[in-house]
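Just need the whole structure built from these sequences, with the hints factored in.
If you read the sequences in order, they're chains X and V.
For the first sequence, position 30 matches number 30 in our numbering, and the numbering has no gaps at all.
Counting the second sequence from 1 gives a position; our numbering is that position plus 206.
In short, the hints are calculated from the structure, not lab data.
Check each hint, because a few of them may be wrong.
Taking lysine-lysine pairs in the BS3-like style, the calculated list, with each CA pair at most 30 Å apart, reads [stated by the list, open to error]: (1) V:Lys-484 <-> X:Lys-61; (2) X:Lys-147 <-> V:Lys-344; (3) X:Lys-4 <-> V:Lys-410; (4) V:Lys-222 <-> V:Lys-282.
Away from chain X, derived, C-beta distances all over 10 Å, residues of chain V [said to hold, decoys possible]: (5) Asn-251; (6) Gly-287; (7) Asn-368; (8) Gly-432; (9) Lys-484.
Note that the coordinates shown come from a computational prediction; the quantities given were computed from them, not determined experimentally.
Where a beta carbon is used, it is the ideal one built from N, C-alpha and C, also for glycine.
Read off the chains here:
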Amino acid sequence: MTPKLTEYGERSILIEDIETTPLLMSIELEQAFPTASIRSGLSSVVITFPDYEDYFAQVEKVLAGINTSEQPVSSKVVEIPVTYDGEDLEAVAKATGLSVAEVISNHQDVLWSVKLIGFAPGFPYLVPTSGSSVFDSVGRLETHRTKVPSGAVGLAAGMSCIYPSVMPGGWQLIGRTEIVLFNVSNTNQPSLLNIGDQVRFVEVSK
Amino acid sequence: MTIMIVSAGLTIIEDKGRTEYTNLGVPVSGAFDKLSHQLACNLINEPLAPMFEILRGPFQLKSDRELVLAVVGEAKVTVDGYPAPLNSVFVLGVNNNLRVVPSSESPVYLAIKGLVIQRTLGSYSHDTLSQIGPAPLKDGDLFETREIDKNDPVIGSFISSNLKTSICDLRYVPGPHNFEIRGNWQVRSIARSGIRLSTNHPLKDASSSLASFPVMPGAIQVPPSGLPVILGPDCGTTGGYPVAGVIIEANLHKLARLTPETEINLIPITRQEAASAKAQLSKTIANSVTRPNDMGAW
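What follows is the structure in structure tokens.
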């Protein structure tokens, strides 16, 4: 399957239907187009050129040359300490057919991978490295909360997340962490997590 | 102290925006009305200047040092009660009261030569979504300026081009998703995060939600309601709703000048046309400021 390229505004191209990961594709595109800005989605990549020009053929050529069997895996595993006292623990237990205790242990057993940092500064979209987990059946809340507390750990659509600051949100909350995910004074590395990093949640002993 | 904010109104600090951290979820933010901001930068000859974006008045300040400044936008400007010029650079005397009252809902830019602001993640901009950047102004806030040159050649500069365009005609590049959005829409609300549109005929088949992908200011999102939202400078970096088109860069400043109930006309154009509109606007901006010493010998 060849990736689908679509015009996106006057200087960007949206690349969808990709066989490789957005991360690997971003790395290859950054090398080929050093002056362009490349951003990842959950299953797509957007490349923005400094000026308008018809880059479609050039981008297609670079994409065709990507070795899709090669997957960069970050060796970095970040442990996130969690207190499992989220408001939606019971609802998650019901959706998965597990007990609350099993939800808590399963969430720690999954090795998560950072698929995307988006939505808000330092907000990680975490997917199971194995591709699926017992949480795949957990949906989003019907009505989102206007204020999710900072550090809240959530689940939705087979993914897990951590809210880096207070904001509205629709993920089901199972716990919270004290860890600082985003620090603006650290200009070189403001986000604790980066795309490709792995995450392991560890319950804080009470 | 140098500058004291006597009345803050609703005022934030903005520059060109924070583009380097979008991959970490940090909104671009930056001046809402990029055209006025750019003109104000050109007036004081500080290309990347942070400045006050006055969203609601009355705004008032005084300074224990002379200031070289310019106000760009639609506003009533006075110094100690006497009318002062818009769209030109003048000197504010020691302890004189500068008062700026926006005369419409569009943001007004106050550019002060040598204004010192702390940078956050490479930019001076305040982001209303994440609160990253300098805090909104409060009554009694103090600011410093760098030493200024009293013979600065920018003093007396003014905007000489007529840059008036119809704010109601908004051009966009269609896609990446297919929705027919051309034509008339009514503005429902305006915020730095986005402009909500309304109509009696919402778009059909708008219920789809997609795997989150990067979005940008100017993107026209189609949420399940079928009522599009044009994203503003403080929009989130990714979104899960289809995007029917993106407002061209040469028209982005118009979003800041819209008011609720305004009827807008969305006009699809090609990428080539968007690029030439941008080149044309840059050329106009570059030639828009007249310096006193440009006016030749009498």
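Item checked: Violating hint indices (sorted, rising) -> 9
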